[in-house]
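Participant: Residue-level listing of the chains:
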Amino acid sequence: MARDALTGTRIRERRAMGGLKQSDLARQIGISASYLNLIEHNRRRIGGKLLLDIAAALSVEPTVLSEGAEAALIASLQEAAQRARLPDVESERAEEFAGRFPGWADALAAAHRKIADLERTVETLSDRLAHDPELAASVHEVLSTAASIRSTASILAEDKTITDDWRDRFHANIDADSRRLADSSKALVGFLDTETGEAAPSGSPQEEVAQFLEAHDYGFAALEDGSDTPDHIVAEAPQLVSAQSRHLARTVLERVVADSAQVPMKALKSALAEAGPDVIALANRFSVTVPHMMRRLAAVPGLDAGLVVADRAGSLLFRKDLAGFTIPRHGAACPLWPLFQVMGQAGQVIRTRVQMPTRDGAVFDCFAAAEPAGPIVLNAPPLLEATMLVLPVPDAPVDAGVAVQDIGPACRICPRGGCPGRREPSILSDGFGGF
Amino acid sequence: MGKHVLLVEDEINIIEAIQFLLSREGWQVDTHSDGATAVDTVRRMRPNLVVLDYMLPGKNGIDILTELRADPDFQNLPVLMLTARGQSRDRELAERAGVSRFMTKPFSNTEVMTAVRDLVQLAQ
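Protein chains in written order, with my numbering: chain A, 1 to 435; chain B, 1 to 124.
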């Protein structure tokens, strides 16, 4: 039935919804009840002034009566009908259904949209589960630990003849595994909640700090202009749940204060506009070390720079993520990163163009340098801290005479086969072949 | 059939639990944690059964199994593969490589021991 042919049905439904008798409405608009009855049963076409009068009497817009439910509603109902595998003849009656039962139609369409949204969420999470290396690593960790606990606990529960030595050993194993499971489960839940847009506690102090920095987009203008303090910012941060994370965050912010005192953001932006992101030239211009300048560049809004800081043991002390350049959340990073090449040569600055094993083969320029960290002690080797600034190279030509180093995020989540730096197999299927 | 099993697994607590279970049933259990040298160890020890983890440092369980099946001496060696990767594709890969039984973590002790007994029975 054509859409405009249902105007009468809509009038009837609206009148009934308003508790108005047919005869009362007919009297209000100056027509006979029998004529209104014909209209309401779609046996008389209606338009013009009469439609306007009826709409006014029913307190609705004339289009609500003439056009009926929105096209989107009809489309949603038809989609719902197709999903339910209703025959075509039923699907074609979606508009009639919407016209006769507008409330039910809205409810059904809303439920259909909700189902579609939920399915998309499930699909996204399933896709992540299957392809996201961080998530896959977390799931593997959880399942392996659960397997160990389950097996060991069963032995303790079922074997009454077990010796004291074995019992003690298994108790210790369960204790260690349960802690490991708690940590990995928290990290997994934190990851999933982040993906679904919900705020959730993180799995570790480092993760809390990462969320805190991300929430501030790695910029602290109020800190740099002296209108706020590290203590106050830390105290107000909802992401910093643990005392450890607050301590770590305070250390980061104190460094921001120190760094910005020598390299104010306004002056840096001005210099950047003149010289571009030449870390050595900029460091010389402000009389600071290259790692110092890298940290400041990473804080420049809009520069889209990533930053990683690591100690000599390879632990990542600071990370600012960059799209396409995966920085592992846990464990060691790729040993081929320029970050680790400068560890033995404090003071040397290297620049390397690298490519990540992503689908689009993202290319980046990495600047890396190491410098002593902590106090200098006589006759003791200095503690070193390496810093790497990562700048995207969009639309990098495949062969422009610039060597490109293949790197990855971390062995466990890297699909590269035959890599000389590989120290453990990848959990990604493509990475198994080359190991 | 003898009762000598080689457990190739890198999770130390899983090793201890399975080692205990198998030993209790009279199996001689040897363990190995490095994927890269696992095939050599099998060749050297010539166990009657291999319990093989899917993910190992050095070389993954599928590659180890593929190498073993390419050796005529080990084409019929019972291999029980343990994995936290339960996707159907992984199972398919394992079956193509010639796995005798595929078990996903977390498994129960009963499942492991039943699988071991079944594999022994089939091999006899």
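None of these hints come from the bench; they were simulated from the model.
Being a predicted model, the structure only gives us computed values, none of them experimental.
Careful: at least some of the hints might be erroneous.
Claimed, not checked - Estimated spans, in silico, between C-beta atoms of each pair:
no.: 1; chain 1: A; residue 1: 172; chain 2: B; residue 2: 117; range: 43 to 51 Å
no.: 2; chain 1: A; residue 1: 417; chain 2: B; residue 2: 113; range: 35 to 43 Å
no.: 3; chain 1: A; residue 1: 311; chain 2: B; residue 2: 43; range: 39 to 47 Å
no.: 4; chain 1: B; residue 1: 45; chain 2: A; residue 2: 172; range: 24 to 32 Å
no.: 5; chain 1: A; residue 1: 214; chain 2: B; residue 2: 121; range: 29 to 37 Å
no.: 6; chain 1: B; residue 1: 70; chain 2: A; residue 2: 383; range: 47 to 55 Å
no.: 7; chain 1: A; residue 1: 175; chain 2: B; residue 2: 3; range: 29 to 37 Å
no.: 8; chain 1: B; residue 1: 118; chain 2: A; residue 2: 373; range: 54 to 62 Å
no.: 9; chain 1: B; residue 1: 73; chain 2: A; residue 2: 417; range: 51 to 59 Å
no.: 10; chain 1: B; residue 1: 70; chain 2: A; residue 2: 304; range: 44 to 52 Å
To be verified - Only part of the chain B face toward chain A is listed, based on derived beta-carbon distances under 7 Å:
no.: 11; residue: 11
no.: 12; residue: 57
no.: 13; residue: 60
no.: 14; residue: 98
no.: 15; residue: 105
By construction, the Cβ of each residue, glycine as well, lies at the ideal position given by its N, Cα and C atoms.
Participant: All hints, please: hold or fail.
Facilitator: Each hint tested on the structure:
Separation of residue 172 (chain A) from residue 117 (chain B) is about 29 Å and departs from the stated range, judged on CB atoms against 43 to 51 Å. At roughly 37 Å, the beta carbons of residue 417 (chain A) and residue 113 (chain B) sit within the given window of 35 to 43 Å. For residue 311 (chain A) and residue 43 (chain B), the Cβ-Cβ distance of about 42 Å falls inside the hinted range of 39 to 47 Å, so the restraint holds. Judged by the Cβ atoms, the range 24 to 32 Å given for residue 45 (chain B) and residue 172 (chain A) holds: they are separated by roughly 29 Å.
Look at residue 214 (chain A) against residue 121 (chain B): about 56 Å separates their beta carbons, and that is not inside 29 to 37 Å. Taken as a hint, the range 47 to 55 Å holds for the pair residue 70 (chain B) and residue 383 (chain A), whose Cβ atoms sit roughly 50 Å apart. Between residue 175 (chain A) and residue 3 (chain B) the beta carbon distance is about 32 Å. The supplied range of 29 to 37 Å therefore holds. Under the hint 54 to 62 Å, the C-beta atoms of residue 118 (chain B) and residue 373 (chain A), about 58 Å apart, fit the expected range.
With their beta carbons about 28 Å apart, residue 73 (chain B) and residue 417 (chain A) fall outside the hinted range of 51 to 59 Å. Look at residue 70 (chain B) against residue 304 (chain A): about 49 Å separates their beta carbons, and that is inside 44 to 52 Å. Using the Cβ-Cβ criterion of 7 Å, the hint placing residue 11 (chain B) at the interface with chain A is satisfied: the shortest such distance is roughly 5 Å. Given hint, residue 57 (chain B) at the interface with chain A, holds; its Cβ is 5 Å from that chain's nearest Cβ, closer than 7 Å.
At its closest, the beta carbon of residue 60 (chain B) sits 5 Å from a beta carbon of chain A; the interface hint therefore holds under the 7 Å criterion. Annotation: residue 98 (chain B) was flagged as interfacial toward chain A, and the flag is violated, the nearest CB pair being 16 Å apart, outside 7 Å. Among the interface hints, the one on residue 105 (chain B) holds; its C-beta lies about 4 Å from the nearest C-beta in chain A, closer than the 7 Å criterion.
Checked against the numbered hints listed earlier, the structure breaks hints 1, 5, 9, 14; every other hint is satisfied.
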